[in-house]
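Protein sequence lines correspond, in order, to chains V and C. Heads up: the first sequence is residues 1 to 221, going by the UniProt record's numbering. Heads up: the second sequence is residues 1 to 348, going by the UniProt record's numbering.
Heads up, some of the hints might be wrong.
[To be verified] Dumping the calculated SDA-like pairs for lysine to any residue here, alpha-carbon to alpha-carbon at most 20 Å:
(1) C:LYS94 <-> V:GLN202
(2) V:LYS118 <-> C:ILE299
(3) C:LYS45 <-> C:ALA203
(4) C:LYS328 <-> C:ILE299
(5) C:LYS150 <-> V:ILE135
Hints are computed from structural coordinates only; laboratory data are not their basis.
Now for the letters of each chain:
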Amino acid sequence: MWTKEITDMLVQGVYDTLYMTIVSTLMGYVLGLPMGIALAVTDKKGLRPNSVIYKMLDIIVNIIRSVPFLILLIVLIPLTKAIVGKSYGSSATIVPLVIAAAPFIARMVESSIQEVDKGVIEAAQSMGAGLFTIIWKVLLVEARTSLIVGVTIATGTILGYSAMAGVVGGGGLGDIAIRYGYYRYQTDIMLVTIILLIVLVQILQGIGMMLSKKLDRRKIK
Amino acid sequence: MENGNRELEINSSGPIIRIQDVTKTYSADKSTLHALKNVSLDINKGDIYGIIGMSGAGKSTLVRCLNFLETPTSGTVTVGGKDLSKLSEKELRKTRMNIAMIFQHFNLLMQRNVIDNICFPLTIAGMGKKEARKRAEELLQIVGLEDKAKVYPSQLSGGQKQRVAIARALANNPEILLCDEATSALDPQTTKSILALLKDINAKYGITIIIITHEMSVVQEICSHVAILDNGSLAESGRVIDIFSSPKTKEARKLVLDDGEKIAIMKSRHCIRIVFTENSSFEPVIGNMILEYKSPVNILYADTRNINGTARGEMILQLPEKEETAQKMIEYLKERKLAVEEVEGYVD
Ligand SMILES: Nc1ncnc2c1ncn2[C@@H]1O[C@H](COP(=O)(O)OP(=O)(O)O)[C@@H](O)[C@H]1O
Ligand SMILES: [Mg+2]
């Protein structure tokens, strides 16, 4: 009963899941990285304290983060339709994924940047470095390891969210698991998709952790 | 070192740094903390100026006011004739390139190798990559770390890290170098070598150096001048040699004689100060005297090194309780052409 169609479907599922995860992570960072930097910089103890900007970002981030992803998925259907033209399929799922991921990414970026040694920042200031030089050449470089760990966590989380989108026909492995496992009681196919999801997460985490270790110069090799 | 920022030199006549009536307060909730209270101080070009005080005295706050990492609550800081509070942010950044700083914990970029760390201030100043590398290699030579260019800071010892920090600080040919407890995380041996390097830099390039420390030995080793900071106020300032030989304030006395706190064990109150002049080879004199009279003396305070190039040291000795021996010792020292003077108040 294991047909070529099923194999093809699973291969397509893996492909769709990776597509959604990677594109959403990238776009999540396009929005979340500047937000995270802005949060860290405008914080009370940041380089340019600005309570108005900080509070604004803080509230936006908190509101989006407190909405469960499944609900966000449904609430955003009109927006998704407006952007992608339809509300189902993997491309459509990217819209709510990015919106859910960006605030979460912003928080991780903020905390990575806050971990940077204040002394090093002060040294850069004493050399006459301006705000943007400090952000690019000090904060992002010194926080590199922690930022990559953040990317790894974000990827894993987004992959999980993308599977959840299967409920509304989001495409990918989650979609398959729900269609076969929940609606048709084909437990074997569901099990395979679950294993594939686990393997994907493991591989992505492995790559992320390896990169962050490899790029960390603080430890003596 | 010619491609530098020499603007300050032109504008300045008089002290390179003038601190006038600087007060800094921090307010937290309802209370205010006076970190600095009406501090005024002039520092001349080429000085190695020590600022000493206990922990929490306000030393770091004061030194951070000199490059406006901290803005004084009131008072003015003038560097090279420019009132720092009157500068735009851009001008301030430019001025900071002329006021380098090194720190207790080195503050190197941990994710960048040594050469990139040194190139960093050069790129901030707008120098091209190739030129910056060349200059950085030159600087590594100055601090004696030519072979460590590609190494990361985590692979260096504390002393080596501070050398990298010094190279980085010198990159843009500053006229002023601020050192905030630069040797406090180092062992005595390494401290000595770093201080020697700083002294060398001062002599070779005429860079004015401000040294923040809580250790009198650091001041004694390299400073020409010293200011004593006590609880946010300036207790005393002047030439090291003067403050060491006649501290006027209680705070100065306490610091100068800090090492002598254990004196009370010896009961005699008979103390003398001997001053060594240019030609006296003093160590054998004391040693021989002890051998001759078979009686120990207590060295309460000694500056057996040269103070900033002036070959003048001094020592305060507590003589044996037995008056006869004490007198003989005084005679003995006088015979050897040492200036001997009785002092009081060093022992309770
Ligand atoms: N940013 C700050 N906020 C509040 N209090 C501070 C701050 N920086 C320093 N202080 C206080 O000012 C005093 C002087 O500190 P500091 O200049 O660091 O002393 P020192 O360097 O001589 O040990 C201390 O009581 C310290 O707690
Ligand atoms: Mg301090």
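Taking the hints in turn, this is what the structure says about them:
Of the pairs offered as hints, the one joining C:LYS94 and V:GLN202 is violated, with about 49 Å between alpha carbons and a cut-off of 20 Å exceeded. Note on V:LYS118 and C:ILE299: the hinted pairing is violated, with a Cα-Cα distance of about 43 Å set against a maximum of 20 Å. As the CA atoms of C:LYS45 and C:ALA203 are separated by approximately 12 Å, the hinted pair is consistent with the 20 Å bound. This hinted pair checks out: C:LYS328 and C:ILE299 have alpha carbons roughly 17 Å apart, not beyond 20 Å.
With a C-alpha separation of about 24 Å, the suggested pair C:LYS150 and V:ILE135 falls outside the 20 Å cut-off, and the hint is violated.
Violated hints for the displayed structure, listed by number in ascending order: 1, 2 and 5.
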